[in-house]
Every structure is written in C-alpha cells, then in structure tokens.
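Following the hints, position chain Y against chain C.
As given, the protein sequences belong to chains C and Y, one line each in that order.
Numbering-wise (the working numbering), the first sequence opens with residue 6 and increments by one.
Numbering-wise (the working numbering), the second sequence opens with residue 6 and increments by one.
Any given hint might turn out to be false.
As the list makes no split between identical chains, a pair holds if one copy fits it or if it spans any two.
Derived pair list, reagent style DMTMM-like, types lysine to aspartate or glutamate, alpha-carbon separation capped at 25 angstroms [stated by the list, open to error]: (1) K350 - D313; (2) K200 - E255; (3) K357 - D335; (4) K155 - D343; (5) K350 - D335; (6) K176 - E228; (7) K357 - D313; (8) K244 - D168; (9) K271 - E255; (10) K350 - E250; (11) K155 - E362; (12) K271 - E196; (13) K200 - D175; (14) K357 - D281; (15) K145 - D175; (16) K244 - E255.
Please keep in mind that the hints were generated in silico from the structure rather than gathered at the bench.
Okay, here's what each chain looks like letter by letter:
There are 2 protein chains.
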Amino acid sequence: MSSPLPGFGVIIPAGGAGKRLWPISTAARPKFLLDLTGQGRSLLRQAWDRLEPLAGAGQVTVVTGEAHVPAVTAQLAGLRADNLIAEPRPHDSMPAIALAAAIMRQRIGEVVLGSFAADHVIGDVAAFNKAVEAAYLTAKQGLIATIGIKPTEPSQAYGYIADGEPLGLDKAPRVKYAAAFKEKPDQATAEAYLKTGRYRWNAGMFVFRASLLFELLHQWQPELAAGIDELAAVWDTPKRAEALERIWPELPSIAIDYAVAEPAAKAGLMATVPGDFPWSDLGSYDSLRQATKDGSLRLVPGEPAILDGSAGSFVVSQTGQTVALLGVPDIVVAVSGDVVLVAGKDQAERIKDLASEAGRNTRSGLKHLSRTEISEAD
Amino acid sequence: MSSPLPGFGVIIPAGGAGKRLWPISTAARPKFLLDLTGQGRSLLRQAWDRLEPLAGAGQVTVVTGEAHVPAVTAQLAGLRADNLIAEPRPHDSMPAIALAAAIMRQRIGEVVLGSFAADHVIGDVAAFNKAVEAAYLTAKQGLIATIGIKPTEPSQAYGYIADGEPLGLDKAPRVKYAAAFKEKPDQATAEAYLKTGRYRWNAGMFVFRASLLFELLHQWQPELAAGIDELAAVWDTPKRAEALERIWPELPSIAIDYAVAEPAAKAGLMATVPGDFPWSDLGSYDSLRQATKDGSLRLVPGEPAILDGSAGSFVVSQTGQTVALLGVPDIVVAVSGDVVLVAGKDQAERIKDLASEAGRNTRSGLKHLSRTEISEAD
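Just chain C, same shape as in the assembly (with noise of 0.2 angstroms):
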C-alpha cells in the first residue's frame, strides 16, 4: 500500500447507468455496483480501494445518484458519511466533481484533487499509483493533468489525446502537454492515430488544484460556478437542503471534458501523464470481451458456457443458467434474472436504447412487445 500523497483529495463520480452492458448493468444495479471482474469486490469498491490509500482516511468524497445511497455506504465501510454526496438527479461529471471539489477545498482548504470514475477497471495498480503520483506533480505546477492510457488497439469506443511537447519535468520527465482531445474516431482515423505513436486513450481521470479549476470553471461555466459557490457556502448548514433542492437541477449538465479539459488543453493548461497499465471502461460488451481477450485483466469466474460454432461470441450471465451456444457466431448473449438479451456485436447503442427503455418501466421494466411465450419475428 502507498502513503497518501500530501495535501490530495479524491472524487469518485459514481453515476452512469452503463447501459450499454444492459440487462447486466441495470438503472437500479449500475455497473459500478456489481463485480465484473470476479474478485469479489464491485467496481466501486475497487477504485475506493485503489484511491483511499493514495488519497488518506477521510479524503475521499463519492458523489452518487440519491437511489444508490445505501448500495454505496454498504460497499465502502471506510466511507465517512460527509463524505458522501448524493445526487437529488444526475446530471453530467461536471457538477458532481465541482461541487465536491468546493466542499472539499472548503473543509480542507487547497487541495490537489483528483477525479476518477467508479466503474473502470485497471488492470496494475503500482503503475496506477505511479502515474497518480506523477499527475498529482504536474498539478502542483499549475496544470491539468491527465492520464492518457496506451492504446493496445484502435478503438472507436474511446476519446483520443494528442501528445504536445513534453513539459520537463524533473520528477515527471515523461509529462507532456496536452495538444488536443478527439472525440471517438472512425476505424480509419483509429488507426491513424495508432501509427503516430503520438495518441492516447482519454480515461476520464483528471488531477488538478481546487483553486485552478474554480478559476477556470469561472471563466468557461460562470453560470455552473456560481450556482456550485452558491450550495457550497450553504452545504455545511441547514440551508443544505433547501439549496440543494432548488440549484441543483437547475445546474446545466455537462461532462468535465467539455467543461474544462477541452478549452484548458486549448490553453496550453492541461497535460498527459501517461499510463501504461492495463485499463478498460467497461463501457460495452464488445469492451468487456476485449478486456477478457487480451487477459491483462481477469473477468468473472462463474456460471458454465458452452460455445460450439459460436467463434467471436461472448457469454455474460449473473444466473445458475448454463449458456449453450450452437452454430452462432459472432453474437453476445447476456443472461440477468430478469432479461435474456441475444445481440448482434454491433447493436451496443440498440442494448443501450433498450436500456432506457427498460429504466423508464417497471422492475426489467420492458414494455411487453409481444405476450407470446412462443415467439417469433416475421
């Protein structure tokens, strides 16, 4: 176990239906919540245990939907109840980090704080550490940092850095400025991308002052700002409540990439510490299969598959149900208690329509297209 860095803090956003791992990943059971990976522990749990020790008791603050409250604090036993914020509705990442960073800044004062999603998966932790360490360097410089994850393929499920020049740190001599931030590409500018050796995957986790990113947050999201300075001077009070209730869902909802990471890129403010280690964001089934390929990170031992003429297909199940797969290639077959899905490998953004479906109805919640046991589509 590392020491706790001194004078850091860290967010864990834990929010996101991971809807595109539905019937797995439910609106009432979110990724972050289960164990994918077989150890025993969800994903939240691990990144708490990834972090607490970076960060030191008491310097970790969750922020999660109101639903997922007792879910949450029965998981992290070490996390103290101040330290939890619970989300009245879910906006984007920005709000969440924001106004967690003001209550932390408040209580603490300057802090190096960073943001680290509850639902990714990594696969060395010592690397990890490192790379925290050095992020946490370069945002005492005054930066942004960021920690860019070496491609191992070209990916069109995530964001791309472009690499600037390096930054020159003593302690950190592989830092660099962050160029740009691509959105998803195409297969053709994924492989680009790859041949430049110049290209990162956004991991969405970001390091930085408190003070740097109020000051930036002013600039860019004013009106996000004030609200959040607004909730914050009230939080530890008893106005909290009624505040809460009356800024939050007026906040504009946005992802801190937009937000901040973006314009400070622009602005010659953000930089890329880079990650070597074995991640993935578990964002999709083909993600999931990609991260059970490659074997860097061990996913879930436990219910039997068969898969006969069934190559490039992929069996996911949190039942006792054996999986039989015969002469079906190239399809993904997720088994919950309530919801058997039978997928085409490219129908992550249909599960994901699905999903929402499913979240807008009751329990699996769909809405019974057809009430034939029997079925079949003409």
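Here is chain Y on its own, set in the frame of chain C:
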C-alpha cells in the same frame, strides 16, 4: 364428445425424450408432460382427452418409463392403475405397443386397438375423431389402418406414406391401400412427393385388430412375439415382476413402423385413412415454429419477448425472463430454469446430442466445458 366405438381400445405410448426440444423438454420432464400449447393441459393429457371418449372408460392403456409414473398418474385422473404399464427401461415403440395390446386382448377378448403418440398436437378434434372411426372400420376389415396427414409443406422432418388403390369401403370411401412407407426425404424428394398429391405424412397412428397384430408379429418378429406372449401370460399374476425384469430388457428394440407397418404395406395389408386436420409432432424447434406460423395450432401464451432486427428467429421460454433479440436473424432461443440455449436454425441434431449429454449428467447436467462466467469462443 363422441360415443365410444364398440370393442375399441387405445394404447398411448408415452415415451421419447423430445431431445430436439432441449432444454424445454428434458429427460426428467419430457415433452409429453409439458403444456406446449397453452391450454393448461400437457400434450399427454390432451391425447387422453381426445382418445378416452373414443375408447370408453377403462379402455385406454398408457405405457411410460418408470420415472414418469408419478407425473403421468397425476395428469391422468381417469387412468385405472392396471392400465398403466411402466417400462423398466425404454425400448422403441413396438415392444410397448405389443405388451399393451397383449394385456388388453387377454383382459377384454378380441379388440380393435389404436396406438397414438402422447406428444403430438392436433388442431381439429372432430376431424380427428372421424379419421379414427374410418381407421376403426378399416381395421375391422382385417387391415392395419394408419392415419396419413395431408402435408402442408415439403417437410424433411417426417416420413411419408404413398397412396395405393382405393380400398372401396362404403362407409369410408377415401381410404386407400398404403403402397409404401418412405423415410424422411431430402428437399427435392419432398417437393416431388407434394407435387404428385399421392403422399401423406406418417404420423405414427396405427389401428388394427389385436389378433392381426400378433399374427404378423409371430411371422415377422418371432422373438419379440414370444417374449410378449410369455410376459402377458403372467401379467395379472404374482409372477409379473420377475418376468418383466427377466424378459423386458432382452426384447428387440424396434419401432412399430419397421416391425409391422412397412412389411404390412408390402404385403398389401396396410391402408391409409386421410387425416386432413392440422397436426404436428412438435419434434424440433423448427416444427414448433412451423406450427406457430400457420396459426392452426395455438401455442403457449406466456413470457414476453422483444424481437428486433431478428427476422426468422424464434423464442421459447419457461421462465419469467424477458427475452430480447437484437439483430440476430434466423436463430432459436430456448430458455429453461437451468439452461439458456441459443442455436442456429440448422442445429436440431446438435441440440439432440447436447440433450443426450445432459441426460447422462445431473440436473441440466452439462459437463461444464468452460467455467468462466464471461466466456468467449475463439
């Protein structure tokens, strides 16, 4: 309800594992015990409800495996205990039918018997009743009558019976001699059969005088006939158990089609009664699918399914799980409590193999070829 035909008895061989419908049908709970047609009655119970009124009280004998005796008696409240024959081990249909026939003949005296499978589905009981009556009249003329089903498509899943000359019965003018039994044909042959209009499906329904059956069995299957004679002679005595244990396992295992029907057709002793009612043996998922498609056979209302971009695919479920198919055309998905089967449409024989493998093991019983919950075929 029809009135019973005088001197008519019925044999229902309730055997067969329905392996091509695994895991819906299993060795422990085979097809004939299942309600596959959504009527709240198993296929066996439906067969009983059709046939018992034709034969009259106490005139129906059921032959089944020892393991299924409790389920069969629970489903057939009207079945007299001494009209249930438990096979110590499964044989093909001829030994079961011959033993039942010998016992009924011994108890009742000369009798016309009809043998009908326990796991077929029939769409028009009135038309079926008329066909059985015509077969009964034909059998009284000293022939073996079979009910040949009018083909609705060039199926390769059924055997065919070629029509011969009309028999010339006043009360059943459409009955013809059966010229020959044909094995399951290939596609081209099946299409040629249909074009002639002279071929019918062999549904395994046979009606005959008991005396004629034993006359022919003594000629064509003397070993089987001798064993059955010996068994029947002691059946209603304390020697039954010893004789059954000693004789039954040694009997030749052969289907009535090969033992009697084919040679009888060659000998000019076989007649075909036209059966123009909807019928299916529900012998495979494709057969289930066909039965659903033509709409003549209503199948189970029950679990919901979502079928999207999955033309030609087919879902059967025994659990409350919603089945969602996205972009996977022409597959079969069958869900039981123990197994999720996803198969290409041409996999009926592999399904049967898997069912056999499962039958040799415990519970759903599959040898666990893979122990990873997240499984990938390479």
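Each hint, compared with the structure:
1. With identical chains, the CA atoms of K350 and D313 are at most 25 angstroms apart both within one copy (17 angstroms) and between copies (14 angstroms).
2. Taking CA atoms no more than 25 angstroms apart as the test, K200 paired with E255 passes in neither setting, with 44 angstroms inside one copy and 73 angstroms between copies.
3. Within a single copy, K357 and D335 get their C-alpha atoms as close as 19 angstroms, and across copies as close as 23 angstroms, so both meet the 25 angstroms cut-off.
4. Proximity of K155 and D343 under a CA criterion of 25 angstroms is satisfied in neither setting, with 37 angstroms inside one chain copy and 42 angstroms between copies.
5. For the identical chains of this complex, K350 and D335 are neighbours both inside a copy (6 angstroms) and across copies (16 angstroms), given an alpha-carbon limit of 25 angstroms.
6. With identical chains, the CA atoms of K176 and E228 are never at most 25 angstroms apart, being 37 angstroms at best within one copy and 94 angstroms at best between copies.
7. For the identical chains of this complex, K357 and D313 are inter-copy neighbours only, at 14 angstroms across copies versus 28 angstroms inside a copy, given an alpha-carbon limit of 25 angstroms.
8. For the identical chains of this complex, K244 and D168 are neighbours neither inside a copy (45 angstroms) nor across copies (92 angstroms), given an alpha-carbon limit of 25 angstroms.
9. Taking the shortest Cα distances, K271 and E255 never come within 25 angstroms of each other, neither inside one copy (28 angstroms) nor across copies (88 angstroms).
10. In this assembly of identical chains, K350 and E250 lie within 25 angstroms of each other by CA distance neither inside one copy nor across copies; the values are 42 angstroms within and 55 angstroms between.
11. Within a single copy, K155 and E362 get their C-alpha atoms no closer than 35 angstroms, and across copies no closer than 46 angstroms, so neither meets the 25 angstroms cut-off.
12. In this assembly of identical chains, the alpha carbons of K271 and E196 lie at most 25 angstroms apart only when taken from the same copy (24 angstroms versus 71 angstroms across copies).
13. Neither within a single protomer nor between protomers do K200 and D175 lie at most 25 angstroms apart by alpha-carbon distance, with minima of 28 angstroms and 88 angstroms respectively.
14. For the homomeric pair K357 and D281, neither the shortest alpha-carbon distance inside one copy (30 angstroms) nor that between copies (49 angstroms) is at most 25 angstroms.
15. For the identical chains of this complex, K145 and D175 are intra-copy neighbours only, at 13 angstroms inside a copy versus 106 angstroms across copies, given an alpha-carbon limit of 25 angstroms.
16. Proximity of K244 and E255 under a CA criterion of 25 angstroms is satisfied intra-copy only: 17 angstroms inside one chain copy versus 89 angstroms between copies.
Of the hints listed earlier, those the structure fails to meet are numbers 2, 4, 6, 8, 9, 10, 11, 13, 14, in rising order.
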